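> The primary structure of each chain is shown beneath.
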Amino acid sequence: MTSLIILSGSPSVTSRTGALSDHLATRLRGDGHTASVVRVRDLPAEPLLHADSTHPKIAEVADAIAGAHGVVVASPVYKAAYSGVLKLLLDLLPQFALAGKVVLPVVTGGTPAHVLAIDYALRPVLSSLGADHIVPGWFVLDRHVEPLPGDARLDQRAAEDLYPIVDAFSEVVRGRHALAVA
Amino acid sequence: MTTIMAISAGLSQPSSTRMLADRLAAEVKADHTETVELREYAHDITDHLLTRFANARLRPVLRRLADADGLILVTPVFTASFSGLFKSFLDIVEPDALQGKPVLIGATGGTERHSLVLEHALRPVLTYLRAVVLPTAVYAASADWGNDTDLSRRIARAAGELAAEVARRPAVGRVDPFADPVPFTDLLADISGRTDHD
Chain A
56 MTSLIILSGS PSVTSRTGAL SDHLATRLRG DGHTASVVRV RDLPAEPLLH ADSTHPKIAE
116 VADAIAGAHG VVVASPVYKA AYSGVLKLLL DLLPQFALAG KVVLPVVTGG TPAHVLAIDY
176 ALRPVLSSLG ADHIVPGWFV LDRHVEPLPG DARLDQRAAE DLYPIVDAFS EVVRGRHALA
236 VA
Chain B
4 MTTIMAISAG LSQPSSTRML ADRLAAEVKA DHTETVELRE YAHDITDHLL TRFANARLRP
64 VLRRLADADG LILVTPVFTA SFSGLFKSFL DIVEPDALQG KPVLIGATGG TERHSLVLEH
124 ALRPVLTYLR AVVLPTAVYA ASADWGNDTD LSRRIARAAG ELAAEVARRP AVGRVDPFAD
184 PVPFTDLLAD ISGRTDHD
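Chains as they are written, first to last, in this note's numbering: chain A, 56 to 237; chain B, 4 to 201.
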């Protein structure tokens, strides 16, 4: 069984990034993985802001990431980049926290003009965390995500674009795991 | 007298990159404006890359670039970055030619999805060259042409920033090595004082 972590980097409680993360978790579970969503906003603010990686809640997330085969990193676009809240968590992880893992970057934003935030802003950070394989990511427009309790409804065309990306990620995770246990 | 040089790295003819460069240049309303298409100098730029020497066609362009009070640099987006011709041109520009020079950057592409090329690819290179890159960069997607988008507003804002920055700086002007000669009598006096022929 392959385990996945979905990091949701939105500070907002009614976040489309968060809703999309729940939706992706459901889809990935349906594809045979275990998947859990970590919302950075639910972690205690004090250790995040003071870079206290020894705090039990932070250590718990770091351990979960260490044990995962794949990580989805989801962030809203803020000021043409990933959110500061996401970076707070990433900064607390060990230097090569993503080593040996498959990583899927997913970004939500209000305008397609910010699509390249994935490749120019987020991807280098994931690389520096030692990610083995960062699969092609995807940008989802805010207005294409309708938050539901514990899930999201996606615009049909957005879903048609996003699902193949997510399924490709799922395949890569499974393939690498199969190789590792063989 | 202010001079603005617009550089277009567009390859096609007609070129939307050229069109954006011209629109920006016209909006700056300088005393003298010139648009250069790099495609006309592609061979010369390549020669320079190989020989490290600007040929007679390229030299005047590089000189006018160094003498301009402000620059407008516009590139098409190729594989999510500036074009190779654009970068090749920056590669042959003298390292200090852009130092302190106000530069307006622009890019064109088929889709607005590549807008951030300006912020993530162009701006850092020009910062490295110590140019003064203006805050507003202008991206024009195919959909911006002939439609009622806010492209005109962005062009006006960016051109206004360039005009203001150029206006508040002293004119660059070229230093003429012959403008302040040593008087001939001084030269003669210098010779007459010498004793090595005695």
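Wrong hints could be hidden among the right ones.
Unchecked claim - To give a feel for the contact side, a few chain B residues facing chain A, derived at Cβ under 10 Å:
#1 T114
#2 S118
#3 L119
#4 V120
#5 H123
#6 A144
#7 D151
Because the hints were derived from the structure by calculation, they are not lab data.
Note that the structure is a prediction, hence the values are computed from the model and not measured.
Glycine included, every Cβ here is placed at the ideal spot set by N, Cα and C.
> Taking the least C-beta to C-beta distance, is S118 of chain B closer than 10 Å to chain A?
Constraint on S118 of chain B satisfied, holds at 4 Å.
> Taking the closest Cβ pair, is H123 of chain B under 10 Å from chain A?
holds (4 Å)
> For the restraint on V120 of chain B, tell me whether the closest CB of chain A is nearer than 10 Å.
It holds, given that the least Cβ distance between V120 of chain B and chain A is near 6 Å, below 10 Å.
> Interface hint check: A144 of chain B, Cβ to nearest Cβ on chain A, cutoff 10 Å. Holds or violated?
holds (8 Å)
> May I ask you to test the interface hint for D151 of chain B with respect to chain A, counting a Cβ-Cβ separation under 10 Å as satisfied?
Violated. Min distance 17 Å.
> Against chain A, run the beta carbon of T114 of chain B and see if the smallest gap drops under 10 Å.
holds (7 Å)
> Quick check on L119 of chain B please, does its C-beta sit within 10 Å of some C-beta on chain A?
The hint holds - L119 of chain B has a Cβ within 10 Å of chain A, the shortest such distance being about 4 Å.
Figure legend: structure checked against the earlier numbered hints; the only hint not met is number 7.
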